[in-house]
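Undergrad: The lines below spell out each chain.
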Amino acid sequence: MPTISLQRDDLEALIAGPDHEASRIPLEQLEEWLMLVKGELKGTNPETGELRIELQDSNRPDLWCCEGIARQIRIKLLGTAISYPFFKKQTQVYGKLVVAPGMDKIRPYVAACAAVGYRVTAAGLTQLIQTQEKLADIFGRRRRSVSIGLYRLAPIVFPVSYDLVKPDDVRFAPLGMETVMTLREILMVHPKGVEYGRIVGGHDRLPLLRDAKGQVLSFPPIINSREIGEVRVGDHELFVEVTGTDLSMVALTLNIFAANLADRGAVITPVEIQSPVKTKFGRRWNTPIDFGTPRAIPLTAIESALGEALGGKEVTTALKSYGYEVKSAGKKLAVRLPPYRNDLLHTVDVVEDVAISEGYARFAPVMPSQFTVGSLSRLEQMADRIRHLMVGMEFQEIISNIMGSHQDFCTKMRLDGTEWAKVVEVDNVMSMSYACLRQWITPSLLQVETNSSRAFYPHRMFEVGEAAVPDEAADVGSRTVTMLGAVIGHAGANFSEIHSCLDLLLYYLDRPFTLEPLVHPSFLDGRAGRIVSRGRTIGLLGEVHPEVLEHWQIGVPAVALELEIDRLLDDA
Amino acid sequence: MDNLHPLETKVLLALSEQPDSAPTLDHLTESTGLEPSQLSMAVEWLLAKSLIAVHAESVVRLASLTPTGDGYFEKYSPIERVLSAAREAGQTGKRLTIQDIQAKEGLEPSDVSKAVGNLKKEGAVLIVQGGCIESTGRTSPTAEAMRALLQELRNGQRELHTFAEPLRNVLQQHAVKRGNTREPFRIDERVTRSYVLTSAGQDAARRLSRDGVAEEVSQLTPELLKEGAWRNKRFRKYTISLRAPRIAAGKRHPYREFLDLVKLKLVSMGFQEMRGTLVETEFWNMDALFMPQFHPARDIHDVYFVKEPTHARAIPEPYLTRVTQVHEKGTGAASTGWGYAFDADRAKRLVLRSQGTAVSARTLAGGASVPGKYFSIARCFRYDQVDATHATDFFQVEGIVLGADINFRTLLGLLNLFAREVAQAKEVKFLPAYFPFTEPSVEMHVRHPQLGWMELGGAGLFRPEVTTPLGVSVPVIAWGLGLDRMAMVALGIHDIRDLFSADLDFIRTMRGSF
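Chains as they are written, first to last, in our numbering: chain R, 1 to 572; chain B, 573 to 1086.
Treat the hints as calculated values from the structure; they're not laboratory data. Every value quoted in this text rests on a predicted model; they were computed, and no experiment measured them. Fair warning: there could be bad hints in the mix.
[As the list claims (entries may be wrong)] Only pairs whose alpha carbons sit at most 35 Å apart, straight line, appear in this in silico DSBU-like list of lysine-lysine:
| id | chain 1 | residue 1 | chain 2 | residue 2 |
| --- | --- | --- | --- | --- |
| 1 | B | K920 | R | K105 |
| 2 | B | K1001 | R | K105 |
| 3 | B | K920 | R | K134 |
| 4 | B | K879 | R | K76 |
| 5 | B | K901 | R | K320 |
| 6 | R | K105 | R | K134 |
| 7 | R | K105 | R | K76 |
| 8 | R | K280 | B | K621 |
| 9 | R | K96 | B | K901 |
| 10 | B | K823 | B | K837 |
| 11 | R | K42 | B | K647 |
| 12 | B | K692 | R | K76 |
| 13 | R | K320 | B | K692 |
| 14 | R | K422 | B | K823 |
| 15 | B | K879 | R | K192 |
| 16 | R | K88 | B | K901 |
| 17 | B | K621 | B | K647 |
| 18 | B | K901 | R | K89 |
| 19 | R | K134 | R | K42 |
| 20 | B | K582 | B | K647 |
| 21 | B | K823 | R | K192 |
| 22 | R | K42 | B | K835 |
| 23 | B | K823 | B | K805 |
| 24 | R | K332 | R | K320 |
| 25 | R | K320 | R | K213 |
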């Protein structure tokens, strides 16, 4: 998932925590600790102190930042969870945020808090912005589900309102622009409006955050106001707000930000959200909010999944030193995730956290003991027999890509407008060269012939591989067929040569066949045949049409054979 | 002495039959009946072996036609054409200038003036007032000689000294000299050598005639075997140090050879092969693997969507209902689920298979054996920019293991086995990893002799949200091996696209050391 950039000093200071002097952590030690967060050190810059770390777990957005990584490591070192007072139920709030009716149609949810006492440094600001971007971009799917705004707290007069306005009714100066603009103008002109406008597109009213004095905070999820919504180095009173379409994701994102700012020394004061409709948090609730619920897990479930009788004590220690709240009672554990996580779907999620906390090296590998018989599918066995026979007939095996262009599979083969030109096409084409799946093998081999005029002759080559043949009767609209394709190219290549190969091949496979004349645009008329066996067409062969050779810029005659291996099995 | 080539024998014997004369190559051509090229080859070999020596050298001058001369033969020489034009003008009373002749005959000015000069000297033409040319009616010896020479040399080259002097003079005047290449004739010098036997050669020839020619043959033939005549033959010895002519073998593709080996290893470890389709529904490709429909990896940028038809007709039950429920509420799997409204239409959307795990999901639903081990080597497609590390489509080696004895430790045990059997690795490291459909998840790193620590594969225990809806009640390992880098090292290539090369010579020469 995301790769983030952070400063080694900053990480070391956060690992040490507010009460301890930071010390240099060797990179080897750091890499080992990164296993706790499924992180991989991708690069270091000793001059700038930059570390680049890739985080794998897409269900742990709390780890996609310097603060989150440091927190997970610090908890391990402390051996117990860090407690954040602002998650506790309390009545003291900084102010209210009132959600207007009708928001549910467009972007229903909001969460917010105040963070005071952390003076923003340059490095800290970079991290705040990076976290904001990664969370909105990946976790929030390009701001669709979640977007985040950071503001200077001082100018804001509470209560703040979250409501809908007409696109032309309100104007403000957005970040990155000098002038005052309407929401409609922002959507049309501002880079962020152009980029994210689609999220709120199609609505005649747009979401807006304003304070009690009517000052615009932001036009979520597009852009902040330039006056209030630009945090600068040196600011020490911040307001954080998250809007989105999923209540849990919005709440979780704010919890992560609150924990991050608290780790940097800020005092977090909740904001009360007032909703016009009842949510799973009610009509009024404070954010940040600890909305996790304890989960009862039998110890045996953990032990049997891990294959190791760790015992209640060791499991409890492992989970506590991974940030969990654990209450153990005999063979049962009641576990609860810290509020900045929301990824406990099943007992197995706890099982993995136990294993990670313990370290995978704690578990000795054991071989699965049950006996099974290995085998190849009948299709693969047949394909292998055919490959061996083709090799015996002095053909070189080829492996080609299955994805290619209509030009190669159809146009060059003179198939456009014919029944043979049906191919599986891709909707979201990245490049015209890779726009469809091959429906037969011959074009792949002619591609080789095109590139190989300097390889000494004769050229005999084959490929046993898959192709996709459109078929309305099939579940997925096409059949995946395993085919043999063979091409012979040299000055004297002719029908009889490839015919002999087919004849010998099917003799050894014990499949009597007949050839029926075939009119096929890729082959010379009167020199192509349909291979019929037991009443079914199983393939075709012929002398490649000179115009096809011209299209491929091939300077020697070529003959081709195509055999559907599946059909050699079906009624065998 | 043993290995006289049959050609050499012939020349030696021919020389010994005429002991008093020193024959030239021409003579030897007659007496041996060999082709000139064969003869000169044999003479070179014999000289090199000091069996014959050069007796005398003489230089012969040979006259022949140049391409210009061939042209003159076809269209007559300029001197004849000038003379003929002058005569024609005399008969019709026309006045003829040098320029007229040039224009009419299409001749070079220099050729015309040279011809006119010669004709005037010989009295065949006069130049009168106004630069006009008139025929005198006299013949031109040069023109006559030219015609005779063109006629004669048309049949081939001839020794210069055999021509009568007047002809010889004309020939030499009109022969190619330095600075003037546009002449009809050329004179070449040919060195003619005559040869005699050396004393060693005489000995060899004597032995040959005494022992009879134990004729040397180069190729044993069915006739020689049939008649037993090989007994009297000597078989010429070959120069075996020469490089062998290149041939092409019928052979497997080296990458396929590698995959065949992997296949063999897996079967020998008790794995059964499974196969799937290139086009899949999102259901089997992702939904059945408990990847939520809002998952970032399911975004448009990671999967290829099929254009037509866009959707499968139906997803089989009970799987659709069960998977819907497990996504929404975790029903049946003791899970909370993802808590969103599952889109059954999206489940039917057709995509190009992006992971081999889709094949595993279908196998689980199809009633996999317990205990059971399965693998597939499946072609997969990812929406990636094609470059040295990304191919448009590639092979994924994946599989599953079902069994009541499966847990995290047996998962590690299986990976150890893979490391040893497939990668021949002695050192293994297990790292926590993330896959949407397994928990716990492991990444296996092995120490490769050339690459150092490298990721060999990923694995994990399928989440119950995956197995339960598919009707499987035992734990299941899902594993995948990333073998392309190993294959590339074994094949000595640095670009993944070369695994699918379309260059026959490259494929013919590629060899793997597995």
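Undergrad: Just to be careful, I want the Cα atoms of R/K96 and B/K901 compared with a cutoff of 35 Å; is the pair within it?
TA: Satisfied, since the Cα-Cα distance of roughly 33 Å is no more than 35 Å.
Undergrad: Regarding the pair R/K422 and B/K823, is the alpha-carbon distance no greater than 35 Å?
TA: 32 Å, holds
Undergrad: Is the Cα-Cα distance between R/K280 and B/K621 35 Å or less?
TA: 107 Å, violated
Undergrad: Would the hint linking R/K332 and R/K320 be met if the CA-CA limit is 35 Å?
TA: 15 Å, holds
Undergrad: With a cut-off of 35 Å on the C-alpha distance, tell me whether B/K920 and R/K134 pass.
TA: At roughly 31 Å apart (the allowed maximum being 35 Å), R/K134 and B/K920 satisfy the hint.
Undergrad: Can you confirm whether the C-alpha distance between B/K920 and R/K105 stays at or below 35 Å?
TA: The hint holds at about 27 Å.
Undergrad: B/K901 and R/K89 were given as a pair; does the straight-line alpha-carbon distance stay at or below 35 Å?
TA: 28 Å, holds
Undergrad: Holds or violated: B/K1001 and R/K105, Cα atoms, limit 35 Å.
TA: 50 Å, violated
Undergrad: Do the alpha carbons of R/K88 and B/K901 lie within 35 Å of each other, as the hint requires?
TA: 28 Å, holds
Undergrad: Is the hinted pair R/K42 and B/K647 satisfied, with a Cα-Cα distance of at most 35 Å?
TA: Violated: R/K42 and B/K647 sit about 84 Å apart, past 35 Å.
Undergrad: Taken at face value, is the distance from the CA of R/K76 to the CA of B/K879 at most 35 Å?
TA: Violated, at about 50 Å.
Undergrad: Taking only the CA atoms, is the gap from B/K823 to B/K837 under or equal to 35 Å?
TA: Holds: B/K823 and B/K837 sit about 21 Å apart, inside 35 Å.
In this structure, the earlier hints numbered 2, 4, 7, 8, 11, 12, 13, 17, 20, 21, 23, 25 are contradicted, and the remaining ones agree with it.
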